[in-house]
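Undergrad: Below, each chain spelled out in residue letters.
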Amino acid sequence: KAGVTQTPRYLIKTRGQQVTLSCSPISGHRSVSWYQQTPGQGLQFLFEYFSETQRNKGNFPGRFSGRQFSNSRSEMNVSTLELGDSALYLCASARDQQETQYFGPGTRLLVL
Amino acid sequence: EDQVTQSPEALRLQEGESSSLNCSYTVSGLRGLFWYRQDPGKGPEFLFTLYSAGEEKEKERLKATLTKKESFLHITAPKPEDSATYLCAVQAGGYSTLTFGKGTMLLVSP
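As given, the protein sequences belong to chains A and B, one line each in that order. In this text, residue positions in the first sequence follow our numbering: the first is 1, and each later residue adds one. In this text, residue positions in the second sequence follow our numbering: the first is 1001, and each later residue adds one.
There is no bait here: all hints are sound.
With a straight-line cut-off of 25 Å between C-alpha atoms, the simulated DSS-like cross-links for lysine-lysine are:
1. Lys1102/B to Lys1059/B
2. Lys57/A to Lys1102/B
3. Lys1/A to Lys1042/B
The hints are simulated quantities; they were obtained by calculation from the structure and are not laboratory data. Nothing here was measured: the structure is a model prediction, and the numbers come from that model.
All chains should be modelled from the sequences, with the hints used to inform the complete structure.
TA: Shown next as structure tokens:
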């Protein structure tokens, strides 16, 4: 069974730009969560989607948004990028809500 | 607010030298405690889920245990390929959100 895939794997943007990251969950998984990982803060929860609906949101500004499609694939968008948004963005999928989450390889975003 | 504290931050072992990593937590209604392994530049890899105090799970050289306040990841006779960052996370009842600790960076020397 294929694992969670994320595209692109690496991205370089400049301040003020926006970016869209994509996540394809494990086949049959309906829950997708997004996390931001930085050296200083570790892994922090961004949001969770289930059945195309955002179920929970972390403590991040409104510049961070996401969505889920009917095939469970998910995208997250960051608008008006700031230097502090440089991080590894991880997507995790689960068969159902509150079940074990399996992570993708992440998208490394560098904001210059 | 859910909190997870892992110790030590870093641990260096000789090959074959057994040790334990600690994960202390405070959570409103624990639903599950998760252990992941993360190699540099990669996403976390799932290891174990523990649901109730007294539960234990094993996989090769790793054994995870859970009490009402903390979890231990015991590493028996580690090998260099066990070198990685080990992450602990908790999930509260009613939510899918994982709250992570900062991790323990393990280095096993031959």
